[in-house]
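Turn these sequences into a full structure, and let the hints guide you.
Number of protein chains: 2
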Amino acid sequence: MLQRPEHQVAGHEAGSGTLGPLIDGSGHFFKPLNPSDERGAHELAFYTSFFSDPRVPHSIRSSFFPSFGGTRVLPIPDAPDLLLPHLVLENLLHGYSNPCVMDVKIGARTWYPSASEKYYAKCLKKDRDSTSALLGFRISGLQVHHESGRWKPHRDKVRKYTVTDVRQSLRQFISKNPDETPPDCALASSVYGGSNGILAQLLELKSWFEDQTLFHFYSASLLIAYDKGGKAPRLKLIDFAHVMEGEGIIDHNFLGGLCSLIKCVSEILADAETAAGPTDPQVLETAADLEAAAGPAEPKVVVGPTENGIH
Amino acid sequence: MLQRPEHQVAGHEAGSGTLGPLIDGSGHFFKPLNPSDERGAHELAFYTSFFSDPRVPHSIRSSFFPSFGGTRVLPIPDAPDLLLPHLVLENLLHGYSNPCVMDVKIGARTWYPSASEKYYAKCLKKDRDSTSALLGFRISGLQVHHESGRWKPHRDKVRKYTVTDVRQSLRQFISKNPDETPPDCALASSVYGGSNGILAQLLELKSWFEDQTLFHFYSASLLIAYDKGGKAPRLKLIDFAHVMEGEGIIDHNFLGGLCSLIKCVSEILADAETAAGPTDPQVLETAADLEAAAGPAEPKVVVGPTENGIH
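Chains A and B, in that order, are what the protein sequence lines are.
No gaps in the numbering here: position 213 of the first sequence is 213 in my numbering, and each next residue is one more.
No gaps in the numbering here: position 12 of the second sequence is 12 in my numbering, and each next residue is one more.
Because the hints were derived from the structure by calculation, they are not lab data.
Hints are not guaranteed to be accurate.
A pair counts as met if it fits within one copy or between any two copies, since identical chains are not told apart.
Straight-line alpha carbon distances no greater than 20 Å define the calculated EDC-like cross-link-like pairs of lysine to aspartate or glutamate that follow [what the hints assert, rightly or not]:
hint, residue 1, residue 2
1, 176, 245
2, 206, 245
3, 152, 43
4, 118, 129
5, 206, 267
6, 231, 180
Here it is in structure tokens:
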């Protein structure tokens with residue numbers, strides 16, 4: 001039973017003449033490989049390379065990437081006579097009844113050094129018109145399930161988000177009543193905080209990006225998802241149509257954006273902790289707490305005496 | 001006794017109709033404030049703000065920035081009748097007899113969101129033509145003193161450096177014979193390594209950049225300097241004519257470039273350690289060693305079980 005994913009918050013949607021992803025009932029996510037578009041072939045090449053590269057730690061692959069099961073030829077919903085190969089991926093929202101989902105495109109720039117002038121100009125304009133250049137990331141879409149239904153800002157609205165809107169959305173995303181002003185941030189502790197939370201996962205991903213020089217993830221997104229079922233929130237990298245070989249250089253563009261997102265999430269956690277107060281049983285864990293528990297983040301070194309004699 | 005700095009490796013040089021910095025015999029570095037160029041006023045505003053902002057930790061200010069002593073009106077070398085105000089800064093090479101110096105401009109992009117279209121286009125071209133966009137930093141100049149004299153590649157040559165050239169220069173910089181192929185990297189341990197070395201200082205600076213949202217250091221450089229005198233090598237931020245207010249956002253552009261430089265320096269140290277062998281008394285400290293000694297860099301967290309059922 002193939003169907004269109006109900007909880008897609010960004011990207012192409014299947015139907016009405018457009019190719020889009022499909023899901024089945026057993027946890028698969030099928031992404032069409034459009035033969036007239038090299039991006040599909042590029043993404044397939046990435047998955048093939050990434051899942052066979054022994055230099056990628058197993059924990060990184062299994063924690064932060066969708067599982068990959070090769071390709072499968074499937075009929076297109078609106079043109080069932082037409083068959084097309086699809087990437088066979090993991091449906092990252094499988095098992096969630098009412099998922100809260102956010103798609104965050106990481107990196108201040110989405111163009112890569114070898115891009116055509118046309119693509120480069122298009123990306124550069126989007127990066128400057130969105131929050132990417134300023135903040136190092138932009139939100140591509142989100143939805144929040146709350147008691148009285150689903151809150152999902154329109155795509156055109158999300159596209160115009162300012163830095164203030166992005167900060168607000170990161171708070172609404174973990175609020176029981178996202179429409180409230182200010183958002184209540186009632187789920188900050190259980191979604192962003194804790195040793196299995198989003199912040200801890202972001203910090204683990206950051207460690208890998210400080211070291212890995214295999215791939216540069218231009219235009220890739222982080223999918224952040226949780227539901228009320230009490231499972232650990234998920235953080236996964238998606239959309240690899242513009243991944244380039246790292247050629248021995250770290251992905252400083254992705255890493256910088258990731259650090260900016262980490263800072264924003266840390267601030268929300270710190271604010272929620274202050275609001276909860278020291279005697280509140282809901283003890284939150286901030287980045288500082290997590291790092292303190294694990295020892296200093298960086299060696300504290302004495303850098304030698306400094307000349308201050310010029311005053 | 002004012003004179004032109006002998007060991008300047010980048011930036012404007014004083015004389016022949018051009019304004020440039022001057023030094024005296026007691027550790028001052030005077031940078032002219034050209035009244036027809038707003039950059040001087042901008043840099044003065046930065047120093048004034050930075051040195052009076054209580055949110056900047058004292059250790060960061062004293063370890064990684066030149067001391068600042070206000071302004072002083074001085075005559076111009078080629079036109080002694082002309083008086084001009086100068087920034088009074090610390091001569092970072094004071095006390096070094098034969099300094100080895102490198103100027104590294106940090107950040108994949110040197111333009112800032114509010115830049116004029118003209119300045120933006122100029123910066124963007126330089127970033128793409130140099131290693132900045134690709135590597136997250138570029139070398140603006142360097143000199144190495146060795147037994148038989150001074151090695152200082154010409155400015156036009158440095159401007160054309162490829163990624164390979166940059167990596168090579170980072171090795172030549174800590175070699176006794178920089179012209180040798182491959183460079184000997186004999187000083188890797190004493191300059192880049194150790195608890196007072198450049199890598200340890202870079203990591204300390206990185207910690208601050210992961211947190212600080214006060215300033216964005218567009219087009220700023222790291223000055224790396226050492227001499228044979230046995231003092232701790234110096235790492236200082238310089239050139240603040242394009243520093244912008246951070247407005248609550250981390251400087252992901254600078255941070256990304258800094259992490260890329262850290263990775264390059266770590267690799268040189270690791271290679272030198274391998275070359276030295278395990279029984280060599282010259283024990284090197286790599287980033288991994290330094291971080292291991294201080295505890296894990298990031299909390300190691302369990303991210304929860306991963307579905308792998310789609311294979």
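Exercise. Given a CA cutoff of 20 Å, do residue 206 and residue 267 count as a within-copy pair, a between-copy pair, both, or neither?
Worked result: Answer is both; intra-copy 17 Å and inter-copy 19 Å each pass.
For this session: Tell me, please, which holds for residue 231 and residue 180 at an alpha-carbon limit of 20 Å: within, between, both or neither?
Result: Neither way: residue 231 and residue 180 sit 26 Å apart in one copy and 58 Å across, limit 20 Å.
Problem set entry | 20 Å Cα threshold - placement of residue 245 relative to residue 176 | neither (41 Å within a copy, 34 Å between copies)
Exercise. For residue 118 vs residue 129, is the C-alpha pair at or below 20 Å within one copy, between two copies, both, or neither?
Worked result: Both. Shortest intra-copy (17 Å) and inter-copy (18 Å) distances satisfy the 20 Å Cα cut-off.
Exercise. What label fits residue 206 with residue 245 when the C-alpha limit is 20 Å: within, between, both, or neither?
Worked result: Within one copy, since 18 Å is at most 20 Å while 25 Å is not.
Problem set entry | Homomeric proximity label, residue 152 with residue 43: Cα distance no greater than 20 Å | For residue 152 and residue 43, the Cα distance exceeds 20 Å both inside one copy (28 Å) and across copies (45 Å).
Hints 1, 3, 6 from the list above are not met by this structure, while the remaining hints are.
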